[in-house]
Structure formats: C-alpha cells, structure tokens
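Protein sequence lines, in the order shown, are assigned to chains A and B. Residue numbering for the first sequence follows the working numbering, starting at 1 and increasing by one per position. Residue numbering for the second sequence follows the working numbering, starting at 1001 and increasing by one per position.
Zero decoy hints are in this set.
Which residues of chain A face chain B? A partial, calculated answer using Cβ under 8 Å:
(1) I36
(2) A39
(3) N83
(4) N123
(5) F137
(6) V144
(7) I164
(8) A165
(9) Y176
(10) L179
(11) Y189
Quick list of the computed label-pair ranges, beta carbon to beta carbon:
(12) P140(A) x E1281(B): 51 to 59 Å
(13) Y186(A) x R1251(B): 28 to 36 Å
(14) P254(A) x A1122(B): 36 to 44 Å
(15) D252(A) x K1131(B): 35 to 43 Å
(16) H1249(B) x P254(A): 32 to 40 Å
(17) N1077(B) x T172(A): 30 to 38 Å
(18) T1220(B) x A121(A): 38 to 46 Å
(19) R1294(B) x G31(A): 50 to 58 Å
Not close to chain B: a few residues of chain A, all C-beta gaps over 12 Å, as computed:
(20) N62
(21) N63
(22) D73
(23) M76
(24) N77
(25) G105
(26) S225
(27) D252
(28) P254
(29) G285
(30) E290
(31) V293
(32) R294
(33) E297
(34) A302
It should be emphasised that the hints constitute simulated quantities derived from the structure, not laboratory data. Just so it is clear, CB atoms sit at the ideal spot from N, CA and C, and this is done for glycine as well.
Number of protein chains: 2
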Amino acid sequence: MSGEATVTMPNSDYNPAVHANLSNGVGFIEGEIVPISEAKIPILDWGFLHSDATYDVVHVWNNRFFRIEDHLDRFMNSMEKLNMAIDFDRGQIREILARCVKASGLKDAYVEMICTRGVPAANSRDPRRCKNRFYAFVVPFSWVATRQDQDRGVRLHISSVQRIAPQSVDPTIKNYHWLDLVRGQYDAYAEGADLAVLSDMHGNVVEGAGFNIFAVTGKTVVTPSKGVLKGITRKTAMELSEQIGLEVHERDVPAAELLSADEVFITSTAGGIMPIKFVNEQLIGNGLAENTVRLRELYWEAHQDPVLSQPV
Amino acid sequence: MSGEATVTMPNSDYNPAVHANLSNGVGFIEGEIVPISEAKIPILDWGFLHSDATYDVVHVWNNRFFRIEDHLDRFMNSMEKLNMAIDFDRGQIREILARCVKASGLKDAYVEMICTRGVPAANSRDPRRCKNRFYAFVVPFSWVATRQDQDRGVRLHISSVQRIAPQSVDPTIKNYHWLDLVRGQYDAYAEGADLAVLSDMHGNVVEGAGFNIFAVTGKTVVTPSKGVLKGITRKTAMELSEQIGLEVHERDVPAAELLSADEVFITSTAGGIMPIKFVNEQLIGNGLAENTVRLRELYWEAHQDPVLSQPV
Chain A
1 MSGEATVTMP
11 NSDYNPAVHA
21 NLSNGVGFIE
31 GEIVPISEAK
41 IPILDWGFLH
51 SDATYDVVHV
61 WNNRFFRIED
71 HLDRFMNSME
81 KLNMAIDFDR
91 GQIREILARC
101 VKASGLKDAY
111 VEMICTRGVP
121 AANSRDPRRC
131 KNRFYAFVVP
141 FSWVATRQDQ
151 DRGVRLHISS
161 VQRIAPQSVD
171 PTIKNYHWLD
181 LVRGQYDAYA
191 EGADLAVLSD
201 MHGNVVEGAG
211 FNIFAVTGKT
221 VVTPSKGVLK
231 GITRKTAMEL
241 SEQIGLEVHE
251 RDVPAAELLS
261 ADEVFITSTA
271 GGIMPIKFVN
281 EQLIGNGLAE
291 NTVRLRELYW
301 EAHQDPVLSQ
311 PV
Chain B
1001 MSGEATVTMP
1011 NSDYNPAVHA
1021 NLSNGVGFIE
1031 GEIVPISEAK
1041 IPILDWGFLH
1051 SDATYDVVHV
1061 WNNRFFRIED
1071 HLDRFMNSME
1081 KLNMAIDFDR
1091 GQIREILARC
1101 VKASGLKDAY
1111 VEMICTRGVP
1121 AANSRDPRRC
1131 KNRFYAFVVP
1141 FSWVATRQDQ
1151 DRGVRLHISS
1161 VQRIAPQSVD
1171 PTIKNYHWLD
1181 LVRGQYDAYA
1191 EGADLAVLSD
1201 MHGNVVEGAG
1211 FNIFAVTGKT
1221 VVTPSKGVLK
1231 GITRKTAMEL
1241 SEQIGLEVHE
1251 RDVPAAELLS
1261 ADEVFITSTA
1271 GGIMPIKFVN
1281 EQLIGNGLAE
1291 NTVRLRELYW
1301 EAHQDPVLSQ
1311 PV
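Okay, chain A solo, but in the shape it has when bound (with noise of 0.2 Å):
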C-alpha cells in the first residue's frame, strides 16, 4: 500500500494552455494528467466488465477541498473491504487530487478517485492475479437539483424499485452498481418527477441516484440507518441539524413517513443540501421547508470552516 520509489507523481508544471478545453475537466490515467476528452481505461479492466471497483467524490468549492479526509477515509476502507491496494499512499492520493484541481483550473469542481481491480492476466478469471488501477478526474461542479431547480420545487418519486440489497452488495463500500438507481430515474420521469429514491424490500425508502434522504417532523429529523451509503454530506447535515437543536435518529424510514413529514430533504456531495417540495406529487408541509433552508445556508457557510475545508 505504501507509494514505493517507482510510483510516478503527476506534473505539477502541466500547461493547461496547451489543450484547449482544460476547464472541462482533466484525468488522472497511468500516472499522467490529460484532459479529460482523453481520459480513458481499458475495455478489459474488471472495473468496467464486472462493475469490481470502489471510487469516491470530493468537491472543491472556491479553491477549497471539503471535508477531503472524511472522503479519504472513505475510499481506503472501501479499497481495503474488497481485497484492494494500489501503489499511492493517502498522502500521495491527496497529492495527485490537487495537482489535477490546479491543472483544470476549476474553483469549484467535483473530483473523483477510483480503484479498480484491474486487467486479468491472460485466461485468468481470478481476482487475486489482478494488478489493482487507480484513476481519477476533475470535472465542474455538478447538481443533483441545481439552485434554480430548488427554487422551483424538485419533484421525487419513491420508486418500487428495491436498492441492492446490503446482503449482496456492501452499500458502505461506495460503488458503480446503479442499473437500479437507473430504472428508477426513468420511472421518475415517466410520473412527472425529477428524481427517483429507492425502497428496501419492507417498503422503507433507502436513498436514490447519489443522494441520501431524510425527513423532518417537528423538532425531529430521520434519515435511513440501513441500506444506505454513509454519505459525508449526509453526516454533516445530522451534525448542523443537531447544531440547530434538531434530534437526529437514524432508523428504518417507511415511504408514507416522507409524505406525512413536515420537510423532506436530499443530500450529496453534488449539490449539498437540497430540499424537496413535491413526493409522490404531494406537496410536503407547508412548502417553505423552513429548517432544510437554515441547513442548506449552514453547509455552504461551513465550506469557510478551516477545520473542514482546506485551500487545494
């Protein structure tokens, strides 16, 4: 695990003015930053053919990396749970993170680790024999629900659709198996909506496409213990909401206990805090979401915080 003498770091001195459109995004590919249009893996590495991979996002937001070590931490048991290990350090992972930052030149950009399994030996079919691949990318800061979509009140749908079952799947161990998360965006869109949350198989609602999810009734605020991601944003809307006198339970959270709550809102590192107006086409409490909009301004604020973010 340790970065040994021949791990190759990045080029700090990368021109950007040498590719034209560096703003869109840059790689990290075989030990080199290139743009991100030039970004590729092999069609023969397991972490496309067998989805074996784990990976995790950071944002940057005006030249700041937020909560980056909550994420680190993240990523290594995530590499570590699938029997993972690559050649750079933490230390040199954070390193390679800033480099590609600073050579797309985005002040508020979403930036991606992940390990592979890597290329099988040839006619292997086994896992142990695989050299594991770290890869990365910088692209500009995206949304789950955009401000403007906020204003004008997201739409989610729970979908029948049952999440991957932490029997089959580790939902602590961030991954790329979403065909589920994608049947249920359709249907999202096929009723209206703009976004999808999943059920476990007891019709509780899980989380939906890279977000987690939670309901506020009174002074109290649920969120799913189970089934779930353990997202950053997630934790640091149970510490701002505890901050502002809320009481946090993580528990079971049955469909019917979105539609009877006083607030409902997402979380991601794409886009924060998000509230959501409409479930299942019902209006949520009185619309105006007062508690998730006192939050929403916390997070954001929190990205000045020196203990939880750090300039790239």
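Starting from the known structure of chain A, arrange chain B on it as the hints suggest.
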C-alpha cells in the same frame, strides 16, 4: 435503431502485421478495429461510472460462431429493456463481430458485444440525454474451468452472499453488476474452493460468476428458474438433456439439493458444460458424472451442427 448512412463500418482490410500481438485480441472502438491493448473507453462513460451497460458474449470455436442468433436476440432485448439504442442494426453488429474475429486471426475466441449509456451531456445527470455507445472486443477463448480443471475435479462453494435480487436488477438483462459474485469468489478461495455459487434470500442456489448451475438426480435435471441469467449454454444443456432422455425442470433449487444430487454441472459460454466434482468439500454422487460427461460430448459435437453454428 436502424443503420443510418453515417455509420462507419470497420475496415475488413485491417492489417494484422502492423501490430505484434493481435492474437491477444482486438477491440472495436468508435468505429475502428484496434489491438486489444489500445482498446479503451472514456472514463466518463456511464457504462463505467454507473455500470449502466449491457453486454453479451458469443464464442467462436474452430472458426465458427456458436448460436450467434440467440446471443443477438438477447443483446437486442437487453438494450431495449434498458431504453438503449445504437446506430448499428442487428446485421451490422453481426458483421462487426465477424470482422473483429477475422482481424484477430483467432480460431477459438471469446467475442463480447457491449452497449453503454454513454458520456453525459455537460452538467447533466439525465440518462435520457446520453448517446448510447456500442463497443466490442475479441480475445482468446477462456474457460470458467479448463478441461484440466475439470479432469482434476472442480470444487464449488455454496456462498452465503445473496445474488442481487430481481426486484433490484433484472437478471435476464446481462449486466456487469458483479461485486456480489466477486465477494463470493473470495469466500470460495478462502474455503479452498475454485468457484462460488450464490444464493437467493430463501437459501436457493441461483448462479455464479458467469455461469448457471444444474443438478442431476436419477433421470431428472433441475436448474434455478428465477434470479438467473437465461444462459444460452443453459438452454443448450436443457435441450441436450431432453435429447438423452432426462427430464428437465426449471424451479427453485435449495442448496441442500446440490449436496444430495448424483451430479452437478455448470454452464457458460466460457467453457460450455462443466462437471463439478465437489460441493462444500463433499464428493458429489460417485464422482463419475456420467450424464454430464455425455452432455459435454454432445455440446462440443453440436459445434459442427449447421443449425447451431456458422462459419465466421
């Protein structure tokens, strides 16, 4: 879905001499046949980042495709179920695959066709806005268990990992969601076994990493009916079983039934019909697997049948 005039078909005059290792395989990427070592896909393709993709694998044996029309049927159906469409029609896909095999010079080959969601529009998280992509590759034929493995005796481990449920991902859409299968494989290795078969939530066996499973007891053959890919080799094994006077049932197969069976075998395009000698370290039946051995003979003989196989 139909082939427009803009479709670039691969050049059949591709010169293998230009590249040293073309017999390692070739890829079909953005309309061109390239050596497999140069076959790469964009890191941003949601086929990778969301495993939002479907695929199929047909094999070539002694310069003949085996059941290619069955594989094309399934591939076309899988794309439709995922709301995907590509610029190539069925005839063009067949032609591309043949040209790739010819370019590789391989007589026995593993031929994979892939459709991915594609690269998202800038700042979009909407899969409907993606242009779906078609890729293919050809590599030397590979085996879930080689003939040597089979002669030595393949050891199967019944895993407690649950295969991703049909309520989450439709298993009849051939897909890359393999993290459960990979975890099963690691458990199998830890138990000294070669392969893992996963279970459903009720304790029935379902499928393993790229294979279906069968048990033979007396004159009866059973194979799981639900939660599995409807394999083409599975179909062939069922047809051949009836041909030799066995009665075939598709139904739930409790794990215990494997242990008490006279014979257990697995089926895959990667290796055909392959006997299993040990399940959870227990010898199955008398270890001779006489029906399975007969089915395996018939399976390879069928590769000369002009109804089932055609020259590349």
